[in-house]
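Asks: Okay, here's what each chain looks like letter by letter:
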Amino acid sequence: MSGPGRGPVRPYVLTGGRARPRHRLSVETLLETVDAGGAGLPVTAGRHEQMLWRLCRHRLSVAETAAHLDLPVSVVTILACDLIEAGHLTTRSQAPQVELPDLDTLQEVLDGLRRRLSA
Amino acid sequence: MDSADDSAPEPRHLASTVDQAMKILIVGAFGVGKTTLVESVSEIAPLRTEETITRASAGVDDLAGIEGKTSTTVAMDFGRITLNSRMALYLFGAPGQRRFWDLWEGLVTGAIGLLVVVDTRRLEDSFDVLDQLDLRGLPFAVAVNHFPDSAGHDDADLRDALDLLPETPLVHLDARSRDSSTQALIALVQYAARLKAQEKVA
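Taken in order, these protein sequences are the chains called A and B. Each residue of the first sequence is one higher than the last, beginning at 7 in the numbering used here. Each residue of the second sequence is one higher than the last, beginning at 1412 in the numbering used here.
For the record, the hints were derived by calculation from the structure and aren't laboratory data. Every residue, glycine too, gets a C-beta built ideally from N, C-alpha and C. One thing to keep in mind: the hints can contain errors.
Cβ-to-Cβ under 7 Å is the rule here; a few derived chain B residues that face chain A [as the list claims (entries may be wrong)]:
hint	residue
1	M1433
2	K1434
3	G1521
4	L1596
5	A1604
6	Q1609
7	V1612
Reference listing, derived: stretches of chain A covered by chain B, where coverage requires no fewer than 3 residues with Cβ under 8 Å from a Cβ of chain B [to be verified]:
hint	stretch
8	64 to 71
9	78 to 88
Isolated chain A, as found in the complex:
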């Protein structure tokens, strides 16, 4: 496979050797860039962090960013956690619940799906 995330660079190099994310992010967690004062990322930020930061200038899920950057979800999660910790990225959806979603939420999903059926 080709792409920015493939090739000889191993995932643990991209993530600075860290293997465990510190924030609770799931594949569907929505991310958005924070650009306080329009200063952008520090020049020390890595190439993939820069790419992730640019990609999230509008809302996207963790899974979507992984697909667009051609990186495994686990790697993107760690990069995103670093950016969140440094205040350059934020989550725009709640952390995943352990339980089944509540009834009101499920009803909203049903309504949304039914609207998509052709008349």
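Assemble chain B onto chain A, guided by the hints.
Replies: Just chain B, lined up with the frame of chain A:
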């Protein structure tokens, strides 16, 4: 500067009002129509990402004297539906084979449930997946994907063959059709809502 990225299509971002993301897992054996279903209902061209599952190796995978870990790379195809101004639904297609079950653990947290896609020409491919879901108590519905050369099956026979509980939804699906695929998702969400309602009463 990143030539590979400059040529890549611009990602379809979500509206800035969307602040809730739901998910449903689509599981099933290889070639059963998971990706076709995702493609039929998704508002974005289906995307693919990879996840690595690492776990302590056991049994046959052990190399003598090496306390090792095994890594399996899983490709997931997924899509997205914006349900209303504040809610998006993600559909993740995940392979059903035994060696990928560890992946589900992470994926299934917070999910509405799983839609198990079944091919009647290879029913036995689904037995393992269904057993595992029963064991883990995860809400799931079964969608029988009809291929042109599928023989017709009676629902009672299918339920019997798949050993489904009477309450488990069984729907018939043409994964190429957006309406049919959406109906299958609706059956699953309705079932999840029934379970949730019962939970409240109990």
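Asks: Compare the structure with each hint and give your call.
Replies: Comparing the hints with the structure gives:
no. : hint     : in the structure
1   : M1433    : 6 Å, holds
2   : K1434    : 5 Å, holds
3   : G1521    : 3 Å, holds
4   : L1596    : 6 Å, holds
5   : A1604    : 4 Å, holds
6   : Q1609    : 11 Å, violated
7   : V1612    : 12 Å, violated
8   : 64 to 71 : holds (count 6)
9   : 78 to 88 : holds (count 3)
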